[in-house]
Each structure stands twice: as C-alpha cells, then as structure tokens.
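Q: Sequences are here, hints too, so could you generate the full structure?
The numbering of the sequence shown is the numbering used here, which starts it at 5 and goes up by one.
Because the hints were derived from the structure by calculation, they are not lab data.
Just to be clear, a hint being listed does not mean it is correct.
DSBU-like cross-link-like pairs, simulated, lysine-lysine; straight-line CA separation at most 35 angstroms [unchecked claim]:
#	residue 1	residue 2
1	K229	K96
2	K257	K229
3	K205	K229
4	K251	K109
5	K129	K257
6	K212	K257
7	K267	K217
8	K229	K212
What you are looking at is a predicted structure, and each value in this text was computed from that prediction instead of being measured.
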Amino acid sequence: MKISYKIKTILKLFVFFIFILYSINVFADASGRTNRTKKTSTSGCSCHSSNSAITGTIAGPTTIVAGQTYIFTLTINMTSGSGGYGVDIAAKRGSLSIISGSGLKLVTSVGELTHSSAISYSSTKVIQFNYTAPGTGGTDTIYANVVRGYSGAWAYAPNYCFNVELASGVINNETPVRFGLAQNFPNPFNPITKINYSIEKAGSVTLKVYDVKGNEISSLVSSNKSAGSYSVDFNGENLSSGIYFYKLESAEKKEVRKMTLLK
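A: See the structure below:
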C-alpha cells in the first residue's frame, strides 16, 4: 500500500522536529518550573530522575540586616549527562530578584526564580541572584532544586539558613556600631559583588575600588553618612579578571580589603 505524499511530508516533519529537539537538548520544561523545592511537598521534577551525580550548593552571608538586599549564589556541579541546566529557587520569608545575565526569571505569582531557557552547561556553574530580607528579625531559609538536560537528573540543594537582624546604628541605644569593612560576597565574583560596611560616627565617608597598581577604578561612596551599617554593590562587568582592592575611609579611620574578579 502506497503512502500518500501528504502523509510522507507529515512524517518527515515529525522526524525533523524530534531530531532538532534532541540535538539542542531542549528541556522538558524549557521555560522553567516552580514549586519544586523543599519549600513545598511537591517532588523535585516529574520528568527527570533524582540523581546524586548533580549537586547544588547555596551560598551567602550568614547574618544580614532586615530590609537590605544581598547577593547569593547557587553553584551547580555535574560532569556527566547532556544538555543545559535548570533551577528553581525559593525563599521562606524574604523576596528574590534576578541579576542581569544570570539566565533566570522571576515568577511573580509564587515569588520564585527559575530558568528562562536552558542555562549553558559547564561542569561547575555559578548563578547569582538577589535576596531582599524581610523587615522583621529572625531566621530565613533559601531552597533550591537543580536539574540538567532533557530526561536528565535532578537534586535538591541543601537548604541555606541564616539570621536576619534589625537594622540599627546604635546597640542598646548607647554604644555606637564599630567602624568596619566586611569581606565582599561572593568572592571570587562575576560580575557583581556586595560590600557591607559600618560607620561608628557621623561624617564624610568614601569607599573606593583600586587595581593592583593603585589606580582608582570606581568611587562607590563619597558622601556624609550617619552612624550605622550600610551595603553597596560593585559591578565589574567592564573589568578584566584579576585582584582588586577596596578601601573604606572616614575622617579618623580607614580599612582596605582584597577581592577577586573571576570571569
């Protein structure tokens, strides 16, 4: 029995579509999926298999200030399989937002981050995202689920728990906060990192970034500040990989720290 030309054409198109689908390793959920972390009781992924070959690790500061925004990272490791990565990131109390170039999108209906399309593969993939703390103190938790490839493997990342403290420039209404410059996070970074600092006395404050030759790269802060704790982002998108220094200076004190940009 002869197959009509129309049926042959349909079959050829179908075979071509399947070939393209697998050749580019399209995800079963190419545009992302949410409600798949340990924040909910839903299984990690119904179209993949749980597999210890893929791991995810969340990292960030252990103590943060209520109402402030911080950069966190999700590192994915996998050396086998095929295709790109997918993620689902959720927070228990705080809110999440994307960093440009991360490959993520925010699903506002649930407040979770997921991939906007398959995230390009590397054996170790570091993804940055923003977390904004709630306005009240206590603890909070960030959850994540990672996955690789079409019909591939998924795994939960260990939950990341941390403290949220109320913002205040004075402790017990008597003792001023100490002058201090914290280590940037993440470090190494690419391309955005967060720098936290504190001022014990009101006055003029500068926070500047320098290269290894002592040339000023960026002036992050140059203004009068009240006593208190502060946070600022540094974007090294237009800089080359290497070591940089950042210096906090007031009328009476100064402190310098080193950071590494790794692209």
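Q: Is K267 within 35 angstroms of K217, Cα to Cα?
A: holds, 20 angstroms
Q: Given the hinted pair K229 and K96, is their Cα-Cα distance within 35 angstroms?
A: At roughly 32 angstroms apart (the allowed maximum being 35 angstroms), K96 and K229 satisfy the hint.
Q: Assess, step by step, whether the Cα of K129 is no farther than 35 angstroms from the Cα of K257, and give holds or violated.
A: At roughly 39 angstroms apart (the allowed maximum being 35 angstroms), K257 and K129 break the hint.
Q: For K229 and K212, compute the direct alpha-carbon distance and say whether it is at most 35 angstroms.
A: Roughly 15 angstroms between the alpha carbons, so the hint for K229 and K212 holds.
Q: Hey, K257 versus K229, does the alpha-carbon distance stay inside 35 angstroms?
A: Judged against 35 angstroms, a Cα distance of about 14 angstroms means the pair holds.
Q: Regarding the pair K212 and K257, is the alpha-carbon distance no greater than 35 angstroms?
A: holds, 14 angstroms
Q: Compare the distance between the alpha carbons of K205 and K229 with 35 angstroms, and conclude whether the hinted pair is satisfied.
A: Measuring from Cα to Cα gives roughly 8 angstroms; hence the hint holds.
Q: Is the hinted pair K251 and K109 satisfied, with a Cα-Cα distance of at most 35 angstroms?
A: holds, 34 angstroms
Hint 5 alone, counting from the list given before, is not met by this structure.
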